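Chemist: With these hints in hand, go ahead and build the complete structure from the sequences.
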Amino acid sequence: MEPATQGVTFGSVVIEAILGVLTLLIVLGFVTYAIYFERKVIGWMQGRPGPNRVGPFGLLQTVADVLKLLIKEDTIPKKADRPLFILAPALTFVPAFTVLATIPYTSKWIPADLNVGLLYYVALSSISTMGILLGGWASNNKYALLGGMRSTAQMISYEVPLVISVVGVVLMSGSLNLSTIVEGQAGYFWNWNFLPQILGFGIFVIAAVSELNRTPFDLPEAESELVAGYHVEYSGFRFAFFMLSEYVYMYAIAGLTTVLFLGGWHAPFPFLDFIPGIIWFVLKFCLVIFTLYWLRATMPRIRIDQLMSLGWKVLLPLSLVNVFITAVVMEFMK
Amino acid sequence: MIRTEEMLLNVGPQHPSTHGVFRVVVKLDGEQIIHADPVMGYLHRGTEKLAENLNYTQIIPYTDRMDYVSAMTNNYVLVHAVETLLELEIPERAEYLRLIVMELQRVASHLVWWGTYLLDIGAMSPFLYAFREREMIIDLFNELCGARLTYFYMRVGGVKWDAPEGWIDKVKAFVAHMKEKLGEYHNLVSGNEIFLARIKGVGRYDAQTAIDYGLSGANLRCTGVDWDLRKSQPYSLYDRFDFDVITRTEGDCLARYEIRLEEIRQSLRILDQALEQFPEEGEIMGKVPRVIRPPKGEAYVAIESPRGEIGCHLVSEGKAEPYRLKFRRPSFVNLQILPKLLVGESMTNLITILGGIDIVVGEVDA
Numbered sequence: 001m002e003p004a005t006q007g008v009t010f011g012s013v014v015i016e017a018i019l020g021v022l023t024l025l026i027v028l029g030f031v032t033y034a035i036y037f038e039r040k041v042i043g044w045m046q047g048r049p050g051p052n053r054v055g056p057f058g059l060l061q062t063v064a065d066v067l068k069l070l071i072k073e074d075t076i077p078k079k080a081d082r083p084l085f086i087l088a089p090a091l092t093f094v095p096a097f098t099v100l101a102t103i104p105y106t107s108k109w110i111p112a113d114l115n116v117g118l119l120y121y122v123a124l125s126s127i128s129t130m131g132i133l134l135g136g137w138a139s140n141n142k143y144a145l146l147g148g149m150r151s152t153a154q155m156i157s158y159e160v161p162l163v164i165s166v167v168g169v170v171l172m173s174g175s176l177n178l179s180t181i182v183e184g185q186a187g188y189f190w191n192w193n194f195l196p197q198i199l200g201f202g203i204f205v206i207a208a209v210s211e212l213n214r215t216p217f218d219l220p221e222a223e224s225e226l227v228a229g230y231h232v233e234y235s236g237f238r239f240a241f242f243m244l245s246e247y248v249y250m251y252a253i254a255g256l257t258t259v260l261f262l263g264g265w266h267a268p269f270p271f272l273d274f275i276p277g278i279i280w281f282v283l284k285f286c287l288v289i290f291t292l293y294w295l296r297a298t299m300p301r302i303r304i305d306q307l308m309s310l311g312w313k314v315l316l317p318l319s320l321v322n323v324f325i326t327a328v329v330m331e332f333m334k
Numbered sequence: 001m002i003r004t005e006e007m008l009l010n011v012g013p014q015h016p017s018t019h020g021v022f023r024v025v026v027k028l029d030g031e032q033i034i035h036a037d038p039v040m041g042y043l044h045r046g047t048e049k050l051a052e053n054l055n056y057t058q059i060i061p062y063t064d065r066m067d068y069v070s071a072m073t074n075n076y077v078l079v080h081a082v083e084t085l086l087e088l089e090i091p092e093r094a095e096y097l098r099l100i101v102m103e104l105q106r107v108a109s110h111l112v113w114w115g116t117y118l119l120d121i122g123a124m125s126p127f128l129y130a131f132r133e134r135e136m137i138i139d140l141f142n143e144l145c146g147a148r149l150t151y152f153y154m155r156v157g158g159v160k161w162d163a164p165e166g167w168i169d170k171v172k173a174f175v176a177h178m179k180e181k182l183g184e185y186h187n188l189v190s191g192n193e194i195f196l197a198r199i200k201g202v203g204r205y206d207a208q209t210a211i212d213y214g215l216s217g218a219n220l221r222c223t224g225v226d227w228d229l230r231k232s233q234p235y236s237l238y239d240r241f242d243f244d245v246i247t248r249t250e251g252d253c254l255a256r257y258e259i260r261l262e263e264i265r266q267s268l269r270i271l272d273q274a275l276e277q278f279p280e281e282g283e284i285m286g287k288v289p290r291v292i293r294p295p296k297g298e299a300y301v302a303i304e305s306p307r308g309e310i311g312c313h314l315v316s317e318g319k320a321e322p323y324r325l326k327f328r329r330p331s332f333v334n335l336q337i338l339p340k341l342l343v344g345e346s347m348t349n350l351i352t353i354l355g356g357i358d359i360v361v362g363e364v365d366a
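Protein chains in written order, with the numbering used here: chain C, 1 to 334; chain R, 1 to 366.
Source of the hints: derived by calculation from the structure; they are not laboratory data.
Keep in mind the model is a prediction, meaning the values are calculated, not measured.
Beta carbons: idealized from backbone N, C-alpha and C, even for Gly.
Treat the hints with caution; some may be incorrect.
[As the list claims (entries may be wrong)] Once the Cα atoms are required to be at most 35 Å apart in a straight line, the calculated DSBU-like pairs of lysine-lysine come out as:
| # | chain 1 | residue 1 | chain 2 | residue 2 |
| --- | --- | --- | --- | --- |
| 1 | R | K27 | C | K79 |
| 2 | C | K142 | R | K200 |
| 3 | R | K27 | C | K313 |
| 4 | R | K181 | C | K40 |
| 5 | C | K40 | R | K172 |
[As the list claims (entries may be wrong)] Stretch by stretch, here's where chain R covers chain C in the computed footprint (C-beta under 8 Å, at least three residues):
| # | region |
| --- | --- |
| 6 | 41-48 |
| 7 | 205-218 |
| 8 | 292-300 |
| 9 | 303-312 |
Modeler: What follows is the structure, encoded as structure tokens:
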């Protein structure tokens, strides 16, 4: 995509819109099958077959689930704060989709090549937290309130180390532009950021799992304590919105991890470059997603106070140390 | 200053982690519990009163439905009480069968506890692994007596069904399989940092408190008190076997966790020996009159159920029905310490502590 110097015509707007819808559809298709894949993978890890009734190999299971949510009665509790209750799912859902714009899939296919792509991602993704807090608050339910509170505390606490851990990568590539960051990781796989930035990578992954509210950091919806957390009063399509935005964020975080630390569309060895970049991107992307599923099948849930002390007392200082070391090394290697 | 308010939260009776229809009303300051009020009785069926109008064989299915996770031990405590009053001689083969099913039941019950406890803590897979192994035990029981949960297997004087051909070998195969799986459980869960951080030091009490509250089973042994009725007051054939009573001194949820998993291993040890000694031939029913009329008198027997000391106090007037039947239910007694443990803990620890006590609501409410 060329910068805005080009004149904006009706035709270019239509093309933009079509591309945007296309990206949305790809993401929706991904989410549909990510849920299926997750249930299958976890099923296999737990010694059961997973969904296998709807369609061949259960491939239509998620479609059926979504249809069920669509035709469900839309209930809003009487005592709920109606406008906020309606606003909350949208407020969670919209930023989840908008952040996807900056993910570069290949050197050619970049929905929006922003110079501050990383900043844009971080800034927008934190808006979703408000949606979750609103949802918990507006439901007028004690469990939902506890879940919403936990969720906000958790996401704010983990956004800080998440952002600071990325600073190391930014220092190394000297840019906030995601495609420039990928360009800087060309060559062999040891040029990918996850090795030189091993500390930052570790912090990023932990903080990202926490941002996604997934096991072992799935406290906001801790089923065994808070029943379902902030979305306990939601049903039907509003519930689907929360669910969907969670999976879209998973897509976004997996994409971001691939771009920042795993070399984006680059092959691990230059002689493998004949394989198209998109395949490498998808492979790395799937690896990250699979790891998230694997964690879910293995880990118990951490406690809220332990979560907080991990975030503030361990991850934050470590991420600052990482920035410091990176800066010093960069200065000496000049 | 921010004005804060205490919040009254109803945990249960319909809550995924109260293990049935149990309810705790907690007063919360933020996420900290100031006061907890357990409410029980949602599953009360009046078993003890109903028993006064039933003959002894008819009471046995009611005991199945008290602690439905461990029906075999409940069967035993009732028939044992009646047999004590009758001073009956039980054929050896029947007694061995009873002992084998009771120990299998202990393994199954601890497996259910292990799986659901980890589910409470947030790990999903162990639940399915535990139920996979428990299913094998249930299949064995199914083959033996045709039921999967409420067995109605024991009778006054013996057992209803003899072991089918090849059953003993299947149990042997299961014991070997279970030993291997127990190691896998430890590998997956017992060393997990998150898991240890969640339960270590949580819900701690000392031996004196445990005795004052009348706790039994793993809830008592976790404080270092060496008290297992299989050893301290041997009943059935337990004096013939070589096994250890597992104790810990920490008194926290981790100690209870370790004890229950170790007890599975000890039960497997007992099973190994019992299956070796199992008599090839023999009766499975003693000489019991057609209508069971225990002589006038009282008997109290207590045995070690997976949850602790389950007792049965039987008062007979020489009729076909008991004059009074009273069960000392370990879940009910163990639960009494809950409000004391909860004060000052967080909402998350409520689930950890409640799960660690190991209650079955059917037995709490009877």
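Chemist: Check each numbered hint against the structure and report the violated ones by number, ascending.
Modeler: none
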